[in-house]
Amino acid sequence: MKKWFKSLGVAAMAIAITTTGVTAAGAASSLSGKIVINGSSALLPLTLQAANEFKKLNPKVKISASAAGSVTGPQSVRKGIADIGACDWDASMDVPGFKKFDGQVANRVAVIPFAAVVNKNVKVDSLTNKQLADIFSGKITNWKDVGGADADIVVVNRAFGSGTRVNFQLKALNGVDFMTKGSNYKEVKSSGDMKTAVDTTPNAIGYLDLVYVSGSIKALKINDVAPTEANVINGTYKVWGYGYYMTKGQPTGATKAFIDYVQSAKFQNGSLKKLKFIPLSAMK
Amino acid sequence: MIESTSNPAIAVKGELGRSIRTGSGRRTDRKNRLRFYNRAFRIACIASAVFVCLILLSILFFMFRTGVLTFQTVSPAKFFFSTDWSPENESYGAFVFIFGTVALTVLTLLFSVPISVFVAVFLAEVAPLWLRNLLRPILDLLVGIPSVVYGFLGMTILIPLLRQAAGTDLADGILAASIVLSIMVLPTISRISDDAISAVPKKFRDASYALGATRFQTTFRVVLPSARSGILYGVILGMARAVGETMAVVMVIGNTPQLADAFLKPTSVLTSNIVMQIPNVPFDSTWNYALYMMGFLLLAISLLMIVVIRVVQRRGAKR
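Chain order of the listed sequences is A and B.
When we follow this note's numbering, the leftmost residue of the first sequence carries the number 1, and every step to the right adds one.
When we follow this note's numbering, the leftmost residue of the second sequence carries the number 1, and every step to the right adds one.
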């Protein structure tokens, strides 16, 4: 009886798919398999949304997604725990603090913009890359040195290993090392904590994924360019990074179909945009 | 726990014999059935107790086995006494966190114990009955509030206040964390002390008053010393909670690996450092092993306290 219902369901779905005219999906719906995804928490909303949509098209594919932190993505892939490792940086290359993962392929799935943010009491609106690097490395310690009021700068940083931290360091600070000590320096655990810390600490500076910037904290212009999606797309705002799905070798089977789906124009211009990521095609 | 099962077993045996003598019907059937049930129950209890012990031992063993790999690349002296914790430069000195944990616990106890004992004395000796019945459930409720809530309140209310009072840019650090922890452990310590004080026999007080002592003298010379072991038990339980507390501490301590040589300097403790770094740590790296070693240290500290609790209890029972 159960079997009969199942085959009826499949038949109904096949009819629905062919009648709605999605010919490619008709072939893909015979796809089966299991995809395990682990890694970056910044990419998790995107992954979950894509998994939901993909499962509707391919009911035989099981997808489980979780997130612990960027570097766990490629690590899980290396250990064979996960098929896809979501990571905020290209883990097939060396980045500050992390060695490359040999034999892994980085598949770009989204563009993530980042912004330097300050507490609302800070009078400065724009900083150069050099000034940012000097502030985060501890060379400049007073806001008056960069055109603000006479007040100590409080630096809020993400913990070592955060994907946002890697990207911000590479793109906004020209790879300069962060300071690690001092009475006006603290580290926070997540983007949410960063937002609260900068929001409640006068004279604080930090950085966030652009999608997190809202409310009373202020996103700084970098080199007089405002951090907006338009400026990222037209190439004037440089502080952004790709989000990657790391796979062991070239992806195959269900994993390949899933990555293809995430990279497809339909998903990129639809759900991905709604989640405030920037489509890959916009950067070409 | 195993030792305490022996007494009830004997009691049940006696009960069993009587029920057989007085019972009617087919005696041997009932006897065998009862014996079977009793034995099965006994085995189930022992198996559960052994199971729990096995879990605890295997956790300890696993933490130690992974943690001890640290010493392949880092010398124990460097791990325990160096203050330089920078995983990006392969430098793993955990002294900052060990010191921070000890300092935080001591400071927390300095704040919370006197206040808790006064609360307990108030509840047990001074407060009228209706107030006592109102305050006790409230304190019990406070124990159940999730620590994240305390941490968030500390982050958004306490730290700005401290910042204003001290005139510093950042008020994160040992002082903020110990205030938050003191508020967290206060209900625990005061409720247990309250019970201990209430259990002191009334004749002690009567004798003291009969000798002409004041209420203050009675409380501090007679009642508190009599309740000493119970109060100590509460203090140790509170201390165990303070040592292991993570979520609240991580939000107010500042998470900077530097020695806490000032009350308002951002620093880090064992728990907060583990929770900050574990999501981003590469598997099979010295960094990972070092975090496990820190976890093992925390476990060891907690176990030590439990041993102390047992000793204190035993001494209390002897008196």
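No lab work stands behind these hints: they were computed from the structure.
Glycine residues also receive a C-beta, built at the ideal position from the N, C-alpha and C atoms.
Where hints are given, some of them may not hold.
[Unchecked claim] Computed list of lysine-lysine pairs in DSS-like fashion (alpha-carbon distance at most 27 Å, straight line): (1) A:Lys274 / A:Lys62; (2) B:Lys78 / A:Lys99; (3) B:Lys31 / A:Lys181; (4) A:Lys34 / A:Lys120; (5) A:Lys218 / A:Lys274.
[Said to hold, decoys possible] Some but not every residue of chain B turned toward chain A, in silico, with C-beta under 7 Å: (6) Ala165; (7) Thr286; (8) Trp287.
Now for the hints, and whether the structure bears them out:
1. A:Lys274 / A:Lys62: With Cα atoms ~24 Å apart, A:Lys274 and A:Lys62 stay inside 27 Å; holds.
2. B:Lys78 / A:Lys99: Judged against 27 Å, a Cα distance of about 25 Å means the pair holds.
3. B:Lys31 / A:Lys181: violated (74 Å)
4. A:Lys34 / A:Lys120: Violated, at roughly 47 Å.
5. A:Lys218 / A:Lys274: Holds, at roughly 22 Å.
6. Ala165: violated (14 Å)
7. Thr286: violated (13 Å)
8. Trp287: Because about 9 Å separates B:Trp287 from the closest Cβ in chain A, which is outside the 7 Å limit, the hint is violated.
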